[in-house]
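**Q** Now for the letters of each chain:
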Amino acid sequence: MKKFVNDPQDYVPQMLEGLALANPDTLKYVPEHNLIMRADTPQENKVSIVQGSGSGHEPAHVMSVGRGMLDAACPGDVFAAPPADSVYETVKLVASPKGVLLLVNNYTGDRMAFEMAEELSEADGLNVRTLFIDDDVAVQDSTFTVGRRGVAGNFFVMKAVGAAAERGADLDEVQRIGEKVNSVARSMGMALTACTPPAKGSPLFDLPDDAIEMGVGIHGEPGRKREKLQSADTMVSELVSAVVDDLPYSSGDHVALMVNGLGGTPIGELYLVYGRAHKQLAERGIEIDRSYVGEYCTSLDMAGASITLVRLDDEISELLDAPAEIPIHVF
Amino acid sequence: MKKFVNDPQDYVPQMLEGLALANPDTLKYVPEHNLIMRADTPQENKVSIVQGSGSGHEPAHVMSVGRGMLDAACPGDVFAAPPADSVYETVKLVASPKGVLLLVNNYTGDRMAFEMAEELSEADGLNVRTLFIDDDVAVQDSTFTVGRRGVAGNFFVMKAVGAAAERGADLDEVQRIGEKVNSVARSMGMALTACTPPAKGSPLFDLPDDAIEMGVGIHGEPGRKREKLQSADTMVSELVSAVVDDLPYSSGDHVALMVNGLGGTPIGELYLVYGRAHKQLAERGIEIDRSYVGEYCTSLDMAGASITLVRLDDEISELLDAPAEIPIHVF
Amino acid sequence: MTSPSTSTGDLAFVVRTIAQTAVDNERAFGDLDAVAGDGDFGYSLARGFEIVLADWDTLVSDSPAEFLKKVALVVSKRVGGTSGPLWGTALLRASGAVKDRTDLVATDAVAMLRAAAEGIKARGRSDLGDKTLLDALIPMTDALEQRLAEGGPGSGPAELARLAAVTARTAADATTPMQARRGRQSYTGERSIGSPDPGAVAVAVMAERIADEWDAHERREGATP
Amino acid sequence: MTSPSTSTGDLAFVVRTIAQTAVDNERAFGDLDAVAGDGDFGYSLARGFEIVLADWDTLVSDSPAEFLKKVALVVSKRVGGTSGPLWGTALLRASGAVKDRTDLVATDAVAMLRAAAEGIKARGRSDLGDKTLLDALIPMTDALEQRLAEGGPGSGPAELARLAAVTARTAADATTPMQARRGRQSYTGERSIGSPDPGAVAVAVMAERIADEWDAHERREGATP
Ligand SMILES: Nc1ncnc2c1ncn2[C@@H]1O[C@H](COP(=O)(O)OP(=O)(O)O)[C@@H](O)[C@H]1O
Ligand SMILES: Nc1ncnc2c1ncn2[C@@H]1O[C@H](COP(=O)(O)OP(=O)(O)O)[C@@H](O)[C@H]1O
Ligand SMILES: [Mg+2]
Ligand SMILES: [Mg+2]
Ligand SMILES: [Mg+2]
Ligand SMILES: [Mg+2]
Chain U
1 MKKFVNDPQD
11 YVPQMLEGLA
21 LANPDTLKYV
31 PEHNLIMRAD
41 TPQENKVSIV
51 QGSGSGHEPA
61 HVMSVGRGML
71 DAACPGDVFA
81 APPADSVYET
91 VKLVASPKGV
101 LLLVNNYTGD
111 RMAFEMAEEL
121 SEADGLNVRT
131 LFIDDDVAVQ
141 DSTFTVGRRG
151 VAGNFFVMKA
161 VGAAAERGAD
171 LDEVQRIGEK
181 VNSVARSMGM
191 ALTACTPPAK
201 GSPLFDLPDD
211 AIEMGVGIHG
221 EPGRKREKLQ
231 SADTMVSELV
241 SAVVDDLPYS
251 SGDHVALMVN
261 GLGGTPIGEL
271 YLVYGRAHKQ
281 LAERGIEIDR
291 SYVGEYCTSL
301 DMAGASITLV
311 RLDDEISELL
321 DAPAEIPIHV
331 F
Chain H
1 MKKFVNDPQD
11 YVPQMLEGLA
21 LANPDTLKYV
31 PEHNLIMRAD
41 TPQENKVSIV
51 QGSGSGHEPA
61 HVMSVGRGML
71 DAACPGDVFA
81 APPADSVYET
91 VKLVASPKGV
101 LLLVNNYTGD
111 RMAFEMAEEL
121 SEADGLNVRT
131 LFIDDDVAVQ
141 DSTFTVGRRG
151 VAGNFFVMKA
161 VGAAAERGAD
171 LDEVQRIGEK
181 VNSVARSMGM
191 ALTACTPPAK
201 GSPLFDLPDD
211 AIEMGVGIHG
221 EPGRKREKLQ
231 SADTMVSELV
241 SAVVDDLPYS
251 SGDHVALMVN
261 GLGGTPIGEL
271 YLVYGRAHKQ
281 LAERGIEIDR
291 SYVGEYCTSL
301 DMAGASITLV
311 RLDDEISELL
321 DAPAEIPIHV
331 F
Chain D
1 MTSPSTSTGD
11 LAFVVRTIAQ
21 TAVDNERAFG
31 DLDAVAGDGD
41 FGYSLARGFE
51 IVLADWDTLV
61 SDSPAEFLKK
71 VALVVSKRVG
81 GTSGPLWGTA
91 LLRASGAVKD
101 RTDLVATDAV
111 AMLRAAAEGI
121 KARGRSDLGD
131 KTLLDALIPM
141 TDALEQRLAE
151 GGPGSGPAEL
161 ARLAAVTART
171 AADATTPMQA
181 RRGRQSYTGE
191 RSIGSPDPGA
201 VAVAVMAERI
211 ADEWDAHERR
221 EGATP
Chain W
1 MTSPSTSTGD
11 LAFVVRTIAQ
21 TAVDNERAFG
31 DLDAVAGDGD
41 FGYSLARGFE
51 IVLADWDTLV
61 SDSPAEFLKK
71 VALVVSKRVG
81 GTSGPLWGTA
91 LLRASGAVKD
101 RTDLVATDAV
111 AMLRAAAEGI
121 KARGRSDLGD
131 KTLLDALIPM
141 TDALEQRLAE
151 GGPGSGPAEL
161 ARLAAVTART
171 AADATTPMQA
181 RRGRQSYTGE
191 RSIGSPDPGA
201 VAVAVMAERI
211 ADEWDAHERR
221 EGATP
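Chains as they are written, first to last, in the working numbering: chain U, 1 to 331; chain H, 1 to 331; chain D, 1 to 225; chain W, 1 to 225.
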């Protein structure tokens, strides 16, 4: 395992400690509950927003805490939903009179933890809602699964509800906005390589030099199918088609296009992917109003990328435009 | 080779095309000269800033073009300085009455290309200066080499001269500031893995599972020495000591601390490294006023990191504080 | 102790063995989860059960219900992923099944296991055939119940433990050709076919260890046959 | 053509062979540069010299100086890294060494090579012993000069070409134990010891190909001995 790590069990705590040291004015690290919160939360007049859903997805979700985004993130161990208890403690710490919205990527473990925390919090008389994010088109919604997964589209939900909450919207309204953004967001990802969780110390699966995994989630699990490695154009076209055909997005639609790196793919390749996707969408008459290129929701050091589309209207565009102050920045 | 790439010869052009498509209002791509420039450059009252120095270092330098940073970047092929002719054409495109400052990472090829371009431009009556950046402590300054290399510290030089130029400083002043920042910046990097240039298609060198390269530059070349892979604490301590002892930085100094990822290392690990470095510096009495964690100057998909310190004074801090608008952002 | 009764000492032995097995198999259980899942199953269980072992003295109690509840809280508090809520719920429901009891008999074991399985079903919205740990747990519980109903020879504690182990192993192996319909494995669709469910295997490994160490445990306890 | 004279046809053959060798050895030269450098040497040369081949008809000229200057501009314009300025300068200086000449003789070859080497020295602030292509180019030039000064047998064009090839190869091999003091390789310090300099090897490979193909070239040109 080629990583910057001490004892693998300290990987998450030491990452969170570094994050807090780098942002002493704005963030607080609470080791007992493995959580990162805004230094100035809760606020009387603002719905508090919490996201969790496992570590290893950075900058989601701990590095998305800040003004205009999350009030707190309780990340759990690598790829493991946080224990319900951690979520419950987080809710208590950020509880505002205007309520708390829990954002959950739709996975079995996360659903359970957040639903249990919601029950516990309601028993305390706290005003809590839970919103499930499920933008991944690789997973078919069927009675045989727990439904589609939540992947990089969660960033748009966080951003929009964060902006709405900052403006003083009430819990109903914040939830409505989150659900709306989730309903027009679709994603699909692919892996060029497997990732290596620090505690495992070796790649999660073997992938030959000429093979890729199409339709992966964000936990390093294999995808829907294994395919031959092909040119960027061909692979991007498969991602774009899957996403576009799902909602579907149609000619004349205005969208945000996100090219999200999974952790091990350099930004140069992501911009190459962006260019190809942009052109393919333009050919379909889809108008790209906003572009997002970089790492938003990763799987540790996995090489690969996902594509997310969000259909925009004035309300969503305006919320995405609003300022946000989170640790991820250049200067 | 596991990459998003079509024909490897199109890697750089298609990356630049994607970059321009993602930033249609602010950037312009000039395929003939393989360059990215601000849409609104040159400006009458502003010194223009240009950086080049090979592709494969993204976000340096093409993704650092924008208000408050570079006016243009002419990146050359992967790891190859641009041809002198490209630099010359770039200078002509951005030439402002207030002059042009060329920023060059100190490598043989880059020196030659930029010096030749400076000569050609001066023959045209243009007002051009060249500033060499050489922050890498891994290379000893001796008559046997061309001196220290320029690595991630170049980001601070770009940011400071960009801010100064934006305020209307003249060429002398902009150059003075650049030299000053360079003189108080020191860096040291290490690789956990080799990187794979698209045109080569395989890693530049073999590195066993238990070995690292200490003291690498940013072109995928091997470092000063090969060492055993160790705990993050131990490796970070080697980087920190090398950097601190070089200037040296002393107890009571106020610094900016940058942890720069080399392309394949996820942001979670970079924050872990940041935390360890922060604590080690604090133990030495060095005060960290500003933190930078992320990818600034990379070597394609190399896993690894570098540490940069910049000694701050009021002038430098204020310039680093100034706004900048470049493609690298989250929202 | 006379068959078919059981004791809080037996319960403590069983829980301790489960905990020790989880800790000892951290890597093996993780590798199983890496095949079609995300590889954290071993890590998650181990982080919780190592605390159970470390804090053992503060957990043991004369009341089986009290003891199981404390263990359930430790597990819920530390174990993340799907396993935290599922195993925490299972332990909590097992506690509920022996509420107010002090001495346990063999049928209590069945009641605890049945309650645990029902808790997992409810929490996981899952059932037999979804390729989860239920596919080992439920057949094992059924086999014990049936043997006890039949009575007669073969229903001594050691024999029951062996029956549980054998049934769980067979059942866990039988998950291999199944397609996962719950949990992270289900996202890979048909690709979950061909490897056993990590949770089901963990149940089998734990049951086997309990059976293997039962005699030594009885000798240690100085139990009279 | 009589020995020791040379011709613009010979010059064209030499440049074309250099270009073809650079294109054919893109990967091999890149791999050499990957040992202690950054692996782009083959790519850089090939991108320039493939244009030389593609635009050949627009480059050839009756004037050797004119021809070399045009080739120099193509190389300078497309080749990046250290090689662009160095090879561009070398070609430009070679052009200068035969300024206003139409027919070339063998001593002109020496003059062009010497001028190229001096250009590289000036541009690269480097010299013999720094472990660069100069360590093949200068010994090769010296050997040719000496042989021509001695005169007599062995100074026919084909023999000179072979002498250049043998000398360059020996000299390139001799860079293996050297420590690089210029270029990117120098940053690895003592680790540059043990592998030959890519630039020097490229010079040797080019000289060898020229020697190997000289006879065929002469036959093609219908040259009379
Ligand atoms: N809905 C469910 N109901 C019952 N058991 C489940 C369910 N989902 C998963 N499991 C069990 O949990 C095991 C995986 O646990 P774990 O790795 O902790 O979960 P994850 O990483 O997917 O959150 C599976 O092997 C299966 O036995
Ligand atoms: N200062 C110099 N003077 C002469 N030759 C040099 C110098 N620096 C490098 N070289 C030659 O250039 C070769 C490397 O070329 P190239 O890979 O294009 O350079 P880089 O990638 O380092 O910019 C070396 O093998 C050496 O022969
Ligand atoms: Mg998990
Ligand atoms: Mg190079
Ligand atoms: Mg798992
Ligand atoms: Mg090179």
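One thing to keep in mind: the hints can contain errors.
Unchecked claim - Keeping only pairs whose Cα atoms sit at most 25 Å apart, straight-line, the calculated BS3-like set for lysine-lysine is:
(1) D:LYS77 with D:LYS99
(2) H:LYS28 with U:LYS2
(3) U:LYS2 with H:LYS92
(4) D:LYS70 with U:LYS92
(5) H:LYS2 with U:LYS225
(6) H:LYS92 with W:LYS121
(7) D:LYS70 with D:LYS99
(8) D:LYS77 with U:LYS28
Claimed, not checked - Chain D stretches covered by chain U per the calculated footprint, using a threshold of three residues with CB under 8 Å from any CB of chain U:
(9) 84-90
(10) 133-139
To be clear, the hints were calculated from the coordinates, so they are not data collected in a lab.
Glycine included, each C-beta is placed from N, C-alpha and C at the ideal position.
**Q** Take the hints in turn and mark each one as holding or not.
**A** Quick rundown of the hints versus the structure:
1. D:LYS77 with D:LYS99: holds (22 Å)
2. H:LYS28 with U:LYS2: violated (38 Å)
3. U:LYS2 with H:LYS92: violated (45 Å)
4. D:LYS70 with U:LYS92: It holds: about 22 Å lies between the C-alpha atoms, which stays within 25 Å.
5. H:LYS2 with U:LYS225: holds (17 Å)
6. H:LYS92 with W:LYS121: violated (29 Å)
7. D:LYS70 with D:LYS99: Within the cut-off at roughly 13 Å; holds.
8. D:LYS77 with U:LYS28: This hinted pair holds, its Cα atoms lying about 21 Å apart.
9. 84-90: Since 4 is at least three, the answer is holds.
10. 133-139: Violated: only 0 residues of the region 133-139 of chain D have a Cβ under 8 Å from chain U.
Of the hints listed earlier, those the structure fails to meet are numbers 2, 3, 6, 10, in rising order.
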